[in-house]
Amino acid sequence: MNVAQQIVGVNERLGNFAVPQMQGTTRYIYDAQDGVAAVNSGYSFFQGVSNRVYPLANINQNRFEAGESLAVQGIQLFTIATYGSATNSSAIAVPGAFPTTAVVNLFIGNQRVLKNIELGVYSLSSLGKSIVPTATVPQGGCGIFLETPIVIPPQVEFFVTAQISASIAATSKVFCALWGTGTLLNPKETY
Amino acid sequence: MQNLPFAAQQEQVNKFLEATRMLGAQMDSMQGTTRIIYDTQDITTAPNTTTSYDFFSAVSSKTFPAANITDNRFEPGEGMVIKEIIIANIQTTTPAPVINTLLGATLVNVLIGNNRVIKDLPLWAFGGLTAINNLNPANNTALTGIRLLTNLVIPPQVQFVCNLRVPQSPLAAAGITFRVYFKGYGKLFNPRNNY
Chain A
59 MNVAQQIVGV NERLGNFAVP QMQGTTRYIY DAQDGVAAVN SGYSFFQGVS
109 NRVYPLANIN QNRFEAGESL AVQGIQLFTI ATYGSATNSS AIAVPGAFPT
159 TAVVNLFIGN QRVLKNIELG VYSLSSLGKS IVPTATVPQG GCGIFLETPI
209 VIPPQVEFFV TAQISASIAA TSKVFCALWG TGTLLNPKET Y
Chain B
85 MQNLPFAAQQ EQVNKFLEAT RMLGAQMDSM QGTTRIIYDT QDITTAPNTT
135 TSYDFFSAVS SKTFPAANIT DNRFEPGEGM VIKEIIIANI QTTTPAPVIN
185 TLLGATLVNV LIGNNRVIKD LPLWAFGGLT AINNLNPANN TALTGIRLLT
235 NLVIPPQVQF VCNLRVPQSP LAAAGITFRV YFKGYGKLFN PRNNY
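Residue numbers (our numbering), protein chains in the order written: chain A, 59 to 249; chain B, 85 to 279.
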């Protein structure tokens, strides 16, 4: 079963029969939280995203609109240091090295669909097919490609929780991103 | 991306022909080709208070080398599939890096015929910070690109626009002249025979 078939299958089981007519696309959604200057702190991403202003997030609620969905094919965490001091978009600091152990969970519609995935140390080595390549290891954070896509249907809430072993300065931002093949609302024809 | 398997290439062809047929354009007998189109815009022209920039919408007023097309719609018999998008900062003096900076939060939107087919895709997804479907590594930090997970068809005679939304209004000294490339399978007008 390919990604498109999984998107259609999941949506049809939920009664969304129009999804095959929607526009296929590539999506990458992210959310950011302030760093917590304490070890083993917990973070919750996408919940409360409506309070975040771009560029802290590129969605405005933690559920997709009618006709929109996303087959999550990868997940990533990264940090941007001294976020608040930037005055020019091109002069903002390079993202910091991602600190040590980070365990994440993904919840869709009250169900946990990723359980205690360790991203930090696992991907710092940049070994393996499933690791997200970065320009300069370990800058740019850590992430993996999932072994199976996980579909977020329209109108269903989702969120990510993370526990990060290292202390992160309150002036830094911690970002979480989900990406994959998606659909956009398209009531007429697709391109 | 080299030596694409034939099946991956054929996906683009099939999607292109299906989409154009639905729009009433019979493109099967046109000449298949590979297309790369681009548009360039200096986004640091002072005084600058905007953060949103449209590409391809004004190519008719541009001359080489700013763009390699003259209209933001293809002629009858021509069209293409957007499979790769490249964003390059071609400012020559002090080009600001587009990866591993907050400029990477620049959001890309692509509209074809009033439909949005790419929605708020950040440059972070392209490369450097993340490479969710990576191309060959770029040789510098001033450009980045992505190979899309789906095929996006631009049929003939349908307008298309690429919009970039940058996080903050760039200063004149920032050195940002963005060039947006679309690359993919295409068709050229060919009324007789093809090769």
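No lab work stands behind these hints: they were computed from the structure. Beta carbons are placed, not taken as given, at the ideal position from N, Cα and C, and that holds for glycine. A hint or two may mislead.
Computed, partial: chain A to chain B, Cβ under 10 Å [said to hold, decoys possible]:
#1 62
#2 64
#3 114
#4 244
#5 247
From the derived model, a few chain B residues whose C-beta atoms are all more than 10 Å from chain A [unchecked claim]:
#6 101
#7 124
#8 278
Going through the hints against the structure:
no., hint, result
1, 62, "8 Å, holds"
2, 64, "13 Å, violated"
3, 114, "9 Å, holds"
4, 244, "6 Å, holds"
5, 247, "6 Å, holds"
6, 101, "13 Å, holds"
7, 124, "17 Å, holds"
8, 278, "23 Å, holds"
When held up to the earlier numbered hints, the structure conflicts with hint 2 and nothing else.
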